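*Asks:* For reference, the chains in residue letters:
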Amino acid sequence: MVGFIVRRLLATIPVLLIVAVLVFLMLRLTPGDPAAILAGDAANAEQIAAIRASLGLDRSLPVQFAIWLGQLLQGELGQSYFYKMPVTQLIGQRLEPTFALATLTIVFAVVVSIPLGVVAAWRFGGWFDRTLMGFSVLGFSVPVFVLAYMLIWLVSLQLGWFPVQGYRRLADGFVPFLHHLVLPALTLSVIYIALIARVTRASVLEALGEDYIRTARAKGLPELRVLIRHALANAAVPIATVIGIGIAILIGGVVVTESVYAIPGLGRLTVDAVLARDFPTIQGVILFFSFIYVLVNLLIDLSYVFLDPRIRY
Amino acid sequence: MVWRNWSVRIGGATLALLLLVALAAPWLGTVDPTLFDAASRDLKPGADGEIMALDGEVTKHTFLMGSDSFGRDIYSRVLYGTRVSLVVGLASALLAVFFGVLCGLAAGYIRWLDGPLMRVMDGIMAIPAILIAIAVVALWRASLPTVIVAIAIPEIPRVTRLVRSLVLSIREEPYVEAAVALGTPTRKIMFGHILPNTIAPLLVQATYICAFSILLEAILSFLGVGLPPDIPTWGNIMAEGRVQFVAYPHNVFFPGLFLAVTVLAVNILGDGLRDTLDPKMAKRV
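Line by line, the protein sequences give chains L and D.
Residues in the first sequence are numbered consecutively from 1, following our numbering.
Residues in the second sequence are numbered consecutively from 1, following our numbering.
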C-alpha cells in the first residue's frame with residue numbers, strides 16, 4: 001500500500017517534468033525579447049542587457065531551463081509583464097473565484113449525474129434511458145458559452161432569479177456569494193453531468209449483469225439497496241476515473257464561463273494574459289492548471305484502494 | 001451497412017446540408033459579410049434596411065437574422081461562418097490523425113521509441129486542450145493555419161494512444177507474424193498490414209476530433225484570441241454580439257444555434273459510425 005503510493009507519486013514526476021519542458025520551450029519560442037518587454041519602451045540597450053543578464057537569458061538553453069526549474073521548485077513563477085507583480089501572487093489573488101466555481105460545479109454535477117446514470121442503467125433501453133442518452137449527446141454538443149447565454153436570457157433576464165454577471169467574494173457574505181455563483185456553476189456542470197451520467201450508466205449496467213446482483217435480488221433485498229450497495233458500489237472506480245479526467249474539461253469550461261459571467265478568476269486571467277501577451281502569466285497559469293489536473297488524478301488513483309477493496313497494491 | 005444506421009443518416013444529412021450552405025453561401029441571398037451600413041445598425045431579425053457596397057452603391061436588403069452594431073448582415077455572416085467552421089473542423093481532424101498515426105505506429109512498432117514518446121504524450125495530455133490552443137495562438141498570432149495547428153496539437157496524443165493500442169494487438173495477429181517470417185520490411189508491415197486495420201476506429205475518433213475542433217475554434221474566436229475579428233466566424237459574431245446581448249440577443253443566438261447544430265450533427269454521426277464500424281468500442285461506452 002505504502003509502496004503503491006510512493007510508486008504512484010514517483011510516476012507523476014516525469015509527467016510534470018515534461019509539462020515543465022513544454023511550457024518552458026513555449027516561452028522561449030516567443031517572438032520578441034522578454035528583457036526588452038520587461039524593460040519598457042524607454043530603456044536603452046545597456047539596461048536591457050542588464051535585465052537579460054539578471055534573468056539569465058544570456059546563457060545556454062539547458063542552463064536557463066535548470067535555473068528556471070530551480071525557481072519553479074521554490075514556487076517562483078516569475079514576474080508578470082502586464083500586472084507588474086509576481087505571477088504566484090497574481091494566481092493567489094484569482095484563486096478564490098475559480099476554486100469556488102469549480103467546487104460548486106463538481107458537487108452539483110456529481111449529485112445530479114450519478115442518480116440519473118443509475119436510473120438509466122436500471123431501466124436500460126426504456127424511455128428514461130433513451131431521453132438521458134439523447135440529452136447527454138446534446139450536453140456534449142452545445143458549447144458552454146452558447147448555453148451560458150441561453151441561461152442568462154431565460155433565468156436572469158426573463159425570470160430575474162439570478163444576476164446576469166459578476167462575482168461576490170465569500171467575505172462579502174455567503175448568500176450573495178452563492179447567488180452570483182449558481183448560474184455559472186449550472187452552466188459549467190451541464191457537460192460534466194453528460195459525461196459522468198454516461199459513464200455511470202455504462203458501468204452500473206455492467207455491474208447489473210453480474211451474478212452477485214442476481215443473488216442479492218434472489219435473497220429478497222430491496223431494489224434500491226441492490227442498486228446502491230451492490231451495483232453502484234461496484235461501479236465506483238470508473239465513475240471516479242471519469243470525474244478525474246473531466247477536470248480537464250472543467251478547466252477549459254472555467255476559462256469560458258468566467259469570461260461570459262465576468263468572474264475575476266484564473267480563467268479570466270488566462271484570457272487577459274493572452275490578450276496582453278503576458279507570457280510569464282500565461283506560463284504560470286498553464287503550469288498551475290496542469291499541476292492541479294495531475295494532482296486530482298493522482299488523488300483519484302489513490303482513492304481506488306478505498307472504493308474497491310479488491311484492489312490491493 | 002453504415003447507411004442503415006439512423007444516427008449516420010441524420011448526422012450525415014445535416015452535415016451535407018451545412019456543406020452545401022457553406023459552398024453556396026454567395027447564392028443564398030447573402031451580401032458580402034464584411035459590408036456594413038451605418039443606417040442599418042442593430043436591426044431586429046426580419047427587418048428591412050439597406051446595405052452599402054464598397055463602391056458606395058446602396059441596395060435594399062432584408063436582414064433575416066438582424067444586423068450587428070456596425071450594420072452588418074448577421075445572416076450573411078453566419079452563412080459564411082459555416083465555411084470557417086467546417087474547414088477548421090476537417091483540417092484539424094486530418095492533421096491530428098496524420099501525426100497521431102505516425103506517432104502511434106512508431107510507438108507501437110518500434111519498441112525503444114515507445115517509452116519516451118508516450119511520456120511526451122502523457123505530458124501534453126496533462127495540459128488542458130484549451131490552454132494549449134490558447135498558448136499556441138498567443139505565440140504565433142492568429143491566422144487560419146495557426147488556429148488549425150493550435151487545435152490539432154492537443155488531439156495528437158489521443159490519436160497516438162488509440163493507434164498504439166491497436167498496433168499492439170494487431171501485431172500479434174497471425175498475418176503479421178507470417179509477414180515478419182517472410183522477411184517483409186518493417187515499413188511495409190506498418191503501412192501495408194497494420195495501418196489498414198486501424199481505419200475503422202480511427203474514422204470514429206476523427207469524427208469526434210472534428211466536433212471538438214469546431215467547438216474549440218468557436219471558443220477561441222469568442223474569447224477574442226482566435227481568428228481576427230474581420231473574418232466572419234460564429235465565435236467572432238458572438239463575441240461582437242455579446243456586448244449588446246441584453247438588448248439584441250439575436251447576434252448571439254443565431255451563430256450559437258448554427259454552432260450547436262453543427263457540433264451535434266458531427267457527434268451524432270460519430271456515434272452512428274462507432275455503433276456500426278466499431279462494435280467493441282460501442283459496447284464499452
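Keep in mind the hints are simulated off the structure, nothing from the lab.
Please note that the accuracy of each hint is not assured.
To be verified - A few chain D residues that face chain L, going by a derived Cβ cut-off under 8 Å, partial list only:
no., residue
1, F98
2, P128
3, A129
4, L168
5, A247
6, G256
Source: prediction; values computed, not measured.
Glycine included, every Cβ here is placed at the ideal spot set by N, Cα and C.
*Asks:* Look at each hint and say if it fits the structure.
*Replies:* Hints and how they fare:
1. Because the smallest distance between the Cβ of F98 (chain D) and any Cβ of chain L comes to about 20 Å, over 8 Å, the interface hint for this residue is violated.
2. Residue-level restraint check for P128 (chain D) holds (minimum Cβ-Cβ distance to chain L is 4 Å; threshold 8 Å).
3. Interface hint status for A129 (chain D): upheld, as the beta-carbon distance to the closest one in chain L is roughly 6 Å, under 8 Å.
4. Annotation: interface hint on L168 (chain D) violated; nearest CB of chain L at approximately 20 Å, more than 8 Å.
5. A distance limit of 8 Å between C-beta atoms decides the matter here; for A247 (chain D) the minimum to chain L is near 10 Å, and the interface restraint is violated.
6. The interface hint given for G256 (chain D) is met, as the beta carbon of that residue sits about 4 Å from the closest beta carbon of chain L, less than 8 Å.
When the structure is compared with the earlier hints, violations turn up for hints 1, 4 and 5 and for no others.
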